[in-house]
Amino acid sequence: MKDIVIRTVCRVIVPFVQVYGLYVIFHGHLSPGGGFAGGAILGSSMVLFALSFHLEAGAQKLGHETSSYLESGGGIWYILIGLLGLALGSNFLTNRAAGLGFGLPGQLFSGGMIFLLSLGIGVKVASTMFTLFYNLSEEEGSGGDHQ
Amino acid sequence: MSLHLPVISIALLLLASFVMPLLRRGARAAALPFTLSVLGAVFTVSLYLIYLVESRGAFSYHVGGWPPPWGVELYIDHLAVYMMMVLSSICLVVMVYGARDLYHEIRAEVMSWYYTLYLLLLASMIGIALTNDLFTLFVFLEISTISACGIISIKKDRECIEASFKYLILSVLGSGCVLLGVAMIYMITGYLNYDFVAQELPQAIAEYPYNILMALSLFIVGFSVKSALFPLHIWLPDAHSSAPSPSSAVLSGLVIKIYAAAILRLLFRVFPAELFEVVPVLDILLFLSVLAVMAGSIFAMVQEDIKRMLAYSSIAQIGFVFMGIGLFGNRALLGGLVHIFNHALMKSMLFLAAGLIIYAAGIRNIRDLRGIGVRMPLTMGAFAIGAFSMVGIPGTNGFISKWHLALGALDLGRPFFVAIILLSSLLNGIYYLPIVINAFFGVKIEPRSEHRDVPGMMLVPVLILAAGVIFFGFYPGPILALLEQAIVL
Amino acid sequence: MEVNPYVAVGILLLMAYVFFYLPAGYIRHVLIVLLVFIIGYALVMTVSEMPTFGAVDTPAHNVVPERYLGRAPEETGAVNVVTAIITDYRAFDTLGEVVVLFVAIVAALSNLKAR
Amino acid sequence: MAASELWGEATNIVLSWRPVAVVLFPMTAALVLAVLGVKKKRHIGFWAAVAGCITFLLVLSLLPLLREGVVEHRFADMMGLGLMFRVDLLGFIFAFLMSLAWMLVLVYASHYLQVEGFPVFYFPFALLTLGSCLGVVLTGDLVSLFLFFELMTFSSFVLVITRRDRPAMAAGKLYLYMGVAGGLILLFGIFAIFNAAGTVEIAPLMQELAGVEKTGLGIVFGCFFIGFGIKAGVVPLHFWMPKAYGAGPAVVNALSSGAMIKAGVYGILRVLLLILTPASLEWSELYSFALSSGYWVMWIGLLTMVAGALLALFQGHIMRLLAFSSISQVGYMITGLGAAAYLLGAEEAMGYSGAVLHAFNHTLYKTAFFLIAGIIFYRAGTLELGKLGGLAKKMPLLTAFFVLAALGIAGVPGLNGYISKTLVHDALLEAYKLYGGWDIYLAEKIFVAGSALTLCYYLKFFQKAFLGEETRARIRSAPWLLYAPLFVLGLFMLVVGLQPGFFVEDFVLASTYAFTFEPYGIEHVARLDFFSYQPLAAALTVIITAVAIYVPLYRWKLFDRELPAWFSVESMLMLPAARLFYQILCRMGVTLDHSVNRLYFGVGGKFLKFCRYVGSFDSNLDSFFEQSSRKVYRLMERSRELDDALNEAYEKTGSTARDFADRSSRLDGALNRAYESTGRAARGLADRTAHFDKALDKTYAATGRAARNLAEKTTRFDRALDKTYESSSKTAQKLAGKTLRLERVEVKEPAPTAAPDGREKAEAGDRKGRRPAFNPLEWNIKNINFDQLLMVLMLGIVIFILFYYGRALVDL
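Chains as they are written, first to last, in my numbering: chain A, 1 to 147; chain B, 1 to 489; chain C, 1 to 115; chain D, 1 to 812.
One or more of the hints may lead you astray.
As the list claims (entries may be wrong) - Sample of chain C residues lacking proximity to chain B, with all beta carbon distances greater than 10 Å (derived):
1) Y26
2) V33
3) L35
4) V36
5) A42
6) M50
7) G54
8) V63
9) V82
10) G96
11) E97
12) V103
13) L109
14) S110
15) K113
As the list claims (entries may be wrong) - One side only, chain D facing chain B, incomplete, derived with CB under 8 Å:
16) F25
17) M27
18) R74
19) D77
20) M78
21) M178
22) A181
23) L184
24) L187
25) A192
26) F194
27) F377
28) Y378
29) S639
30) E641
31) L642
These are calculated hints, taken from the structure and not from any lab test.
Every residue, glycine too, gets a C-beta built ideally from N, C-alpha and C.
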């Protein structure tokens, strides 16, 4: 798509969308939202970028390798936080009872592991959307070339 | 610390599967040892858990430290550790085999994906075995469904894609049924935890009879699609015969059984026993299992592809497990449950042996197996042991499960099922024994393709499983002792 | 009302025959439509019997949501109860969801890359 | 009694490893031989013979232990129930005869098998079979017995197919399937016993089975009888034997006939006389069951005896003749056992000891016969009786052994067969004495006839093979090792025949301590004088009858002729029976079929007519549709013509309209100009009115101020009104929403229906035309399309649960 209007608008919009996505992730424990929603917003911003420019341009911004690192990293992060509760002498995925809770309810840095877990989920969801979009569209593109 | 072991083993498997795609280039060679060591660790953990449960009884684990109705609970009882042991042991042995076999069935680029899916499959099955929560059950069900499809379709074959697609569609249908059932149960009881649901259900029966029945039937349908009970088995032969041999072994040996174990838990721990006096669910399961036993054997008799024959035979064997559930007696249930392990041993061994034959001689057709016993005596010897076990010759573990099933049927005064069991044994004999006879004593056919040497790393797992078949045929004591405590009717 | 399970299984098998083995034709279509209606009726019955949505005396209004709604902020530190449930009370399920995403992508990729 | 002094008490249990060693040693030896011996074919025979001898010595080593009591060894955990070895004197007798036969045959085979080219699997599997046979007779519970019985089936299957040619494979498959089926039937019996009694130990279980119905007991016993009877070759189940024997070499047949069929007999013996007879001999329901089952078993035995002998009479092949002879001899044992059960509480020891001794004797002479047949094959290269002749001159030693064995089997006084046959015969006589009745009388006569027939076919064998003109087949020399086993067997035969007391009293009668037999009956047997007038007279009767049968047959040269096809096994008994059965079935079937056919034709004809009618209706309908569509088409054409005409008319009117428009535009221009001039006049007028306007404005402003004050007052009033409106409008909105939804539902448009085009129709027709015939081989479940509501199937369960059980649940 080489429409200058779309490109310009997207270039302007994408950072805002991403900031909004991060907001949704980070304020998941305070307001409606959370890892899944915020991750979806983040992922869709990248998809938007790739759609409006070119697939390759998108791939330059966020390489396949990086996205698969993020992909696994989100899950590993989640499990490691779960094991943190275990390391602190409590059960798997324990939050406040294991001493992870800090801050007053309502503040940004509060709720202990919930914030961190949301981050992991957000990264995971965003990279999943992006990776899936990329692989499927590349597949289609290469299939078209062969025909 | 030891109480955390069940959840640690799940977390370890998940962690390993997450790490697996990160192993690139140089580290790729580490994928296999890494996978094997994780599987070995889980197997060791499962053995230790058996010891733990034997010594201090069943215990429950509250994930996140939240008590049951609020948080997720894992319940580690005898049945759970039994299933965990079965799953992890067979998975370990099959993976040792797959280490060499997979390279000629799938491309090297996707090997790490295969390990990932394999570990995820094991993790989800262990999750299903351990969980005490309906929704967690559903989540793990989803994981196992998708990863099971993944390890079929990873072999880039037209047949594989078709089969796994069919499997996916039907399996997702089953998952949908289960989800709907879970929702209904939650709607009328307000709980997701098994124990609390069981507490609430007797009251709920009076108020919402249709809901509870619908939920029950949805569970049964969902799980029978997944475990390929007779009229819903149509996805199984394609899926299990076209998959790579290690996948077939795991799918046929374990994946269809874990759903049977899950439905067993639901039926006997969640739903009240009075329900079964009014609703003939168990009878329906029983007769479907009888049909499965007969139809599976008869279908298997007309097959020409060896893996397809084994797949049909699995349909018959899952019928035995369901027969144990449907008979609803201590001893019959013992027979059905011990058949989970026994069949996992022998069927995975048979699939691996078939895979070895395909690997070494490139033969899939049963007629071409003539005289192969002379060329591959150890492989065919293991196959023969498996075949004897299928027939139920004493001294093999197939006899043990049939013995207990038949006695269980007689305990309940239903000799008809004994006759069915024996008849199916005879049918098994009719299609398994000629293979063995022809392989060893048949007139040799000149091999069409060149004969590859069988690597020891592939042969050893098959022999280990064959030794297991014999060993547990003579000393089933430990398994039976464990299961006797698992059954609380 | 007692019905023989044999009969039930027999009819089930007949259905299996109809749906799996009967060649496409009018009988098949008519039977399918008939069954869909019956099942639809059954489902409607079930739904109509469900507890009234939002009523106070629904079974789902028990100790579970009570604690979730009343004590989530102090117990978990999260003001948003939904997030508190999915990432703290039932964080294990959410781990499962994350794994579902992962397994979906792995399965898809392994299929695409295996070619 | 002397016996109880010689042997230990039945209650005294000696724990020992020896029975396990006896069973495991040959199996281990088999494994070692299989691994090491495949390459060194020459030595494998020697080592197998050594292993056989060691096994025999091991079996003999049980003897000192038996003097103290019953030898036992248990593996508690094995197979869930425990594996149990238990040796009493009866088991020992069978183990002794089996290991003896095996040792001799293995010694013989180590040389003999060079004619067969040393089949690789023979020796290991022979030893394996020996181990499992010993296991069958040395175990103490039914499950262990079953384990070894199945093992025996599988290992002896390999022996049966030693030759690997087509008939051998066919016979082997028949043997295997019969064995597996028999094993499963046996298993059913074991299940039933275990379920009813709670144990599977071989001990009197009748009391525990008291709750079982008599038919149930009959079924259980039937299961055991069929399961063991298949191995023993009882007549309706014997048909695998001639095939298997005809296809196997002598060394295999000697084992099968000499020892393996004894395992079946042993099983029947244990089940009939121990498990399914009451422990005490007081009259009860159970007791009558034992008696009646004994009666029927006796008759089956007699049938087996006579049928086997009759069929043996007309065999031209030595192996098959001997096979039928084996069947016939098994009949003696079964008869003896049946008589023992029938005489329970009186003279049961007579039948029992006859059966056991006959099993022993049969091993002696039938092994000898097969070994002799082997030597004939070794030297002459053929086993067809028609091609042999005059062997007596060339092989006098062999002839002597043959005569010895033949006289033994025929029951000539002084040899072993006489003793056991006399015992069985006496049992029948005792039964006649006790119960009377024409049937027992008949049974006794049949027994005599069977014995006479036995003598007959051995006479025939002798006459055809050893006498007459000399064979043209090449004769080669045989090593002495082939004759050595015959010496041993001959010695045993003579000893048993001349010193019957030793065997009968010290072994056979002593072994009754495992059972609950009447002491006086045992005494009676012990005091029996075999060389008194009555048994000798009976033997003489048999011989005279035999001669009376044989001479006419020989005179009319019924044996000399080449046996016609209808004279073979199948055509003598099997085929007529089958044909009769078939005809009866056919008669019934045809009648049924005919009537059904007529019914079908009648109904079908009607239906066909109906179909035709419908078809014609259909075609009428078709033509109707066609005609109507043609008319519609015509109509359409006409309308098209109309359309064209209309089009032309439109065009014409169009051109006139254009003219008209041109003219009107001109008119327009003129009008425009007129407007312009009037406009200018109007502007002047407007200027004037503006002045007037300003004046008016001022007045308005003044009035406006007054009006605003008024308005402020009214707004306050308005707000109050608004509030009322708002609340009422909310209600109205809700109402409107509902009506809107209703409207939407009503306004929903019907979906356009797509017309099927011709190609699809053709495809559908094609699919219908290619509907496949029912062929299970082509069942490919892959092709089933599950696009259409797979779910429905599962929901069948839903329906049933919901609508039939829901109501009952509400009442719960």
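Quick rundown of the hints versus the structure:
1. Y26: For Y26(C), whose nearest Cβ neighbour in chain B is about 23 Å away, the distance exceeds 10 Å, so it holds.
2. V33: Holds: least Cβ distance 20 Å, greater than 10 Å.
3. L35: 14 Å, holds
4. V36: 15 Å, holds
5. A42: Contrary to the label, A42(C) does not stay out of reach of chain B, its closest Cβ about 7 Å off (not over 10 Å).
6. M50: 6 Å, violated
7. G54: About 12 Å separates G54(C) from the closest Cβ of chain B, which puts it past 10 Å; holds.
8. V63: At roughly 6 Å from the nearest Cβ of chain B, V63(C) sits no farther out than 10 Å, so the non-interface label is violated.
9. V82: Consistent with the label, V82(C) stays out of reach of chain B, its closest Cβ about 15 Å off (over 10 Å).
10. G96: Given a closest Cβ separation of 3 Å, the condition is violated.
11. E97: 7 Å, violated
12. V103: The assertion about V103(C) is violated, with a minimum of 5 Å to chain B.
13. L109: 7 Å, violated
14. S110: Not fine: 4 Å to the nearest Cβ puts S110(C) too close to chain B.
15. K113: Violated, since 6 Å does not exceed 10 Å.
16. F25: Not OK, violated: F25(D) not within 8 Å of chain B, min 18 Å.
17. M27: 12 Å, violated
18. R74: R74(D) check fails; min Cβ-Cβ to chain B is 14 Å, beyond 8 Å.
19. D77: Check passed: Cβ of D77(D) comes within 4 Å of chain B, closer than 8 Å.
20. M78: Constraint on M78(D) satisfied, holds at 5 Å.
21. M178: This interface hint is violated because 11 Å lies over the 8 Å limit.
22. A181: This hint holds: A181(D) lies near chain B, its Cβ roughly 6 Å from the closest one there, short of 8 Å.
23. L184: 4 Å, holds
24. L187: 6 Å, holds
25. A192: 7 Å, holds
26. F194: The hint holds - F194(D) has a Cβ within 8 Å of chain B, the shortest such distance being about 6 Å.
27. F377: The hint is violated - F377(D) has no Cβ within 8 Å of chain B, the shortest such distance being about 23 Å.
28. Y378: Not OK, violated: Y378(D) not within 8 Å of chain B, min 25 Å.
29. S639: 50 Å, violated
30. E641: 55 Å, violated
31. L642: 55 Å, violated
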